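Novice: Residue-level listing of the chains:
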Amino acid sequence: MKDIAIIGIGVTKFGELFHQSYDDLVRDAAMQAVKDAQISLDDIGAAWLSTAFPEIGVFKGRSGMDLCEPLSLYNIPVTRVSNFCASGADAIRNAVNALHAGECEVAMALGVEKLRDRQPQDSIVKMMVEYGHPFLQKGFTAAGTFAVYANRMMKEFGVTREDISNVSLKNHYHGSLNEKAFYQKPCSLEEVMKSPMVADPLTVLDSCPTTDGAACVILVRAEDVDKKKHNPIFIKGIGLSVSTGWDLPFFDPNHDFLSFEATRVAAKSAYKQAGITKPIDEIDLIEVHDCFSIVELITYEDLGLCKQGEAKDLIRGKETQLGGKIPVNVSGGLLSCGHPVGATGIRMVVEVSNHLRGNAGERQVKNAKRGLTHNIGGPGAIASVIILEN
Amino acid sequence: MSYIKSYGIALAHFRIEDTILNPKGKKDMMKSVCFSDEDVITLAVEATSTIYHQPSTIDAIFFATTSPVFKNRYHASYLADLLNLPQGILTLDFVNSSRSGTDALLLANVLINSGKYKNILVVASDVHFPSIGKELATPFGHAACANLISSEKGIAEITSAKSFSSSLAEEFSYKGKNIQYDLRFSRDAGFKTNLTSSLKNFVSNPKPYDAVILNSLYARMGGGVFSKAGFEEKQFAKDTLASKLGNTGAVHALLLLINELESEKKNILLVDYTNGTNILEVKNNSTGKTKLFQDELKNFELINSYQDYLLLRKAGNFNSSKYETKEMFSSEMMQEREKDTLQYLKGLKCDKCGTIYYLKSTRCKKCKSDKFSVIQLSKTGTVYTFTSEHYFPSSFPPISILVIDLDGGGRMTVQQTNTMYPERNKIEIGSKVKLVLRKMIEHDAKPNYFWKAIPMMS
Numbered sequence: 353m354k355d356i357a358i359i360g361i362g363v364t365k366f367g368e369l370f371h372q373s374y375d376d377l378v379r380d381a382a383m384q385a386v387k388d389a390q391i392s393l394d395d396i397g398a399a400w401l402s403t404a405f406p407e408i409g410v411f412k413g414r415s416g417m418d419l420c421e422p423l424s425l426y427n428i429p430v431t432r433v434s435n436f437c438a439s440g441a442d443a444i445r446n447a448v449n450a451l452h453a454g455e456c457e458v459a460m461a462l463g464v465e466k467l468r469d470r471q472p473q474d475s476i477v478k479m480m481v482e483y484g485h486p487f488l489q490k491g492f493t494a495a496g497t498f499a500v501y502a503n504r505m506m507k508e509f510g511v512t513r514e515d516i517s518n519v520s521l522k523n524h525y526h527g528s529l530n531e532k533a534f535y536q537k538p539c540s541l542e543e544v545m546k547s548p549m550v551a552d553p554l555t556v557l558d559s560c561p562t563t564d565g566a567a568c569v570i571l572v573r574a575e576d577v578d579k580k581k582h583n584p585i586f587i588k589g590i591g592l593s594v595s596t597g598w599d600l601p602f603f604d605p606n607h608d609f610l611s612f613e614a615t616r617v618a619a620k621s622a623y624k625q626a627g628i629t630k631p632i633d634e635i636d637l638i639e640v641h642d643c644f645s646i647v648e649l650i651t652y653e654d655l656g657l658c659k660q661g662e663a664k665d666l667i668r669g670k671e672t673q674l675g676g677k678i679p680v681n682v683s684g685g686l687l688s689c690g691h692p693v694g695a696t697g698i699r700m701v702v703e704v705s706n707h708l709r710g711n712a713g714e715r716q717v718k719n720a721k722r723g724l725t726h727n728i729g730g731p732g733a734i735a736s737v738i739i740l741e742n
Numbered sequence: 009m010s011y012i013k014s015y016g017i018a019l020a021h022f023r024i025e026d027t028i029l030n031p032k033g034k035k036d037m038m039k040s041v042c043f044s045d046e047d048v049i050t051l052a053v054e055a056t057s058t059i060y061h062q063p064s065t066i067d068a069i070f071f072a073t074t075s076p077v078f079k080n081r082y083h084a085s086y087l088a089d090l091l092n093l094p095q096g097i098l099t100l101d102f103v104n105s106s107r108s109g110t111d112a113l114l115l116a117n118v119l120i121n122s123g124k125y126k127n128i129l130v131v132a133s134d135v136h137f138p139s140i141g142k143e144l145a146t147p148f149g150h151a152a153c154a155n156l157i158s159s160e161k162g163i164a165e166i167t168s169a170k171s172f173s174s175s176l177a178e179e180f181s182y183k184g185k186n187i188q189y190d191l192r193f194s195r196d197a198g199f200k201t202n203l204t205s206s207l208k209n210f211v212s213n214p215k216p217y218d219a220v221i222l223n224s225l226y227a228r229m230g231g232g233v234f235s236k237a238g239f240e241e242k243q244f245a246k247d248t249l250a251s252k253l254g255n256t257g258a259v260h261a262l263l264l265l266i267n268e269l270e271s272e273k274k275n276i277l278l279v280d281y282t283n284g285t286n287i288l289e290v291k292n293n294s295t296g297k298t299k300l301f302q303d304e305l306k307n308f309e310l311i312n313s314y315q316d317y318l319l320l321r322k323a324g325n326f327n328s329s330k331y332e333t334k335e336m337f338s339s340e341m342m343q344e345r346e347k348d349t350l351q352y353l354k355g356l357k358c359d360k361c362g363t364i365y366y367l368k369s370t371r372c373k374k375c376k377s378d379k380f381s382v383i384q385l386s387k388t389g390t391v392y393t394f395t396s397e398h399y400f401p402s403s404f405p406p407i408s409i410l411v412i413d414l415d416g417g418g419r420m421t422v423q424q425t426n427t428m429y430p431e432r433n434k435i436e437i438g439s440k441v442k443l444v445l446r447k448m449i450e451h452d453a454k455p456n457y458f459w460k461a462i463p464m465m466s
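Just so you know, the sequences run in chain order A and B.
Per the numbering used here: the first sequence = residues 353 to 742.
Per the numbering used here: the second sequence = residues 9 to 466.
Everything labelled a hint here was simulated from the structure, so no lab data went into it.
Please read all numbers here as calculations on a predicted model, not as lab measurements.
Don't take every hint at face value.
Unchecked claim - Dumping the calculated EDC-like pairs for lysine to aspartate or glutamate here, alpha-carbon to alpha-carbon at most 20 Å:
| no. | chain 1 | residue 1 | chain 2 | residue 2 |
| --- | --- | --- | --- | --- |
| 1 | A | Lys507 | B | Glu436 |
| 2 | B | Lys374 | A | Asp604 |
| 3 | B | Lys357 | A | Asp608 |
| 4 | B | Lys373 | A | Asp599 |
Take the sequences, apply the hints, and build the full model.
Specialist: See below:
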């Protein structure tokens, strides 16, 4: 497989962006990326728009059309991608495939979500409460669907409340170094553990906030990179797997609530493409989908950074902190940056690209050559893994 | 001859002491009170859970209550469907009177004796909440009782069942308004006269009975009538349930009967008076080994305060501290087409690897085989993992969600219920639980019942 190169990146600030509309966010991220790639909007031959929850905001993002209108980018194919929290990464995957297939010369993948125009309880919690099956899984919010993993991890592998909270502590520290994060304040272990309970054992500070935000990448085939103009980052592997369903995880007697099969399958595929056999030694930084702090711990194991049951040792040894053996979520992760669902996967790719370019400022991972991004979607059903190199 | 083949009891999990309902209340008196997701339907279903019988052999179901939840819809038909009884069987409701429990029993006896019916399920269920402030002035208590009346021999035989109607009633409601006649007049001309006539007409020899039950609001005034009819004091079976459960309306007479059956009384005369008298003569054949009711009476949780009672009573006050009331989606189409799964707990067993699924699937996730057999899942299991949701709206947040491995295979994720006091109802990984049918969306005006879990009694 030939390499695909990212030649332009753009990301908005994440958070409560009351001054920016959905269209403003699209323009903000897209024009940063276009400028970075030094191309014209009309060079773009096809685009993918990732918005997971159009109904929550302003009815924008139900189709690719909503990318075209704010940019006046008409008469090209644009498709909306929706795959829960893995939507952004899937937009990139679709763009990569189109470049391979020769559909276009320059592709855009843009993720955007406008969630804060409503009260937090009108957003994703509302969907779980008011829609969905009236009986199956009724009573769960997103936090609960991951809290059941936390309780099983604690029982099975001796993971403690402190281990889980230390993920939040680490990511909030990282977030304090990221000027585009929603929360730019470090917190104490006590603050995490004593913040209001959401779903036992996960507290408010173990849970990521859903926010507004957008992120964009421009992609070309590696052979089309203009070395004089571009500072390219290469996509070396991209895996996506749907490994269970919306209801099945909670009704499948073989599911152990200790691992996400989707992550394992997606990682295996991406590692194979990139030729990675010992991820902890061969990868310099990772952006993990820490929607709830427990998910980051489970993902250490699913990505093969350690054996199953040993994730707690990585966090206890501060191996995943900036300066550690393998820094994870130096952006602050979803816990600090916030989670505009459709944008998050692309935001991660932008983050890793900045490190691989050496442009990440205060939180720069030294000598970063290879990075990984990971998203998990739905109740752990969908996962994507992307390997990036400079 | 008709027989009581088997029976089942459902008592509400909570009790409230009269002294909490009203400072003037008597000590050692309690009322049985439903949790916010219970009603006459869920109690009725629970009462039938210990009736061991093939649903396909039941050819009628009768439902009795003073607190109907449906109008223009038969509770008995609804219940027949919930219990997966054959379609098209005789389903009748007996509502409006606290005598309706024995009315149903009486008709069941007549139909069995006609030879045209073999097995009739008689279910009485009562969930009446008096108006606020009148809890001690109005009889109430929440319970259900199910009896399988059969032509086959069972634990007790109904040797006679008669009814003597009355034109007078002491207390009743007319067009929604409560009316009470002059008590001296109505008790003499109503209660005493009717009781005297019924005993005279139906009981020729008072001697053989070792338990005489009088179920009536005026039971205390019935002694004279009975002694005039030749009964002796020692034959009387006192109502020991009223102090434990309150007056359970249409269910009460049936509970008193079961109580005497479990006390191994041999010849029971059940006299049930409300605007007319039903008299049933029951011969006890049971060995007295099963103490289902006695055991059930011991299993309850006390309500701490009148404020907590009000929270329960206003079931549908669907708020959490963090979430305002929201309408939830429910669909009768969905319940109807998915009822094999949702209601009857029919699972699929993979013919190749043996994995048992609660949810339907085309292929086995584990081995990819597409051959399944339908199997009946059990209603008991062990908690595999759990959480408590503090942000999901509920009358009593947080809602505990349990992932349960069912005994015999299959996994379900359901809410825990009866959790008015969560700290007293802590569940852990490995806890044994059982499934009970409860109202799923408490404040929804539509009927929607699904399974929730409660800890198994140790």
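Novice: Run the structure past the numbered hints and jot down the numbers of the failing ones, going up.
Specialist: none
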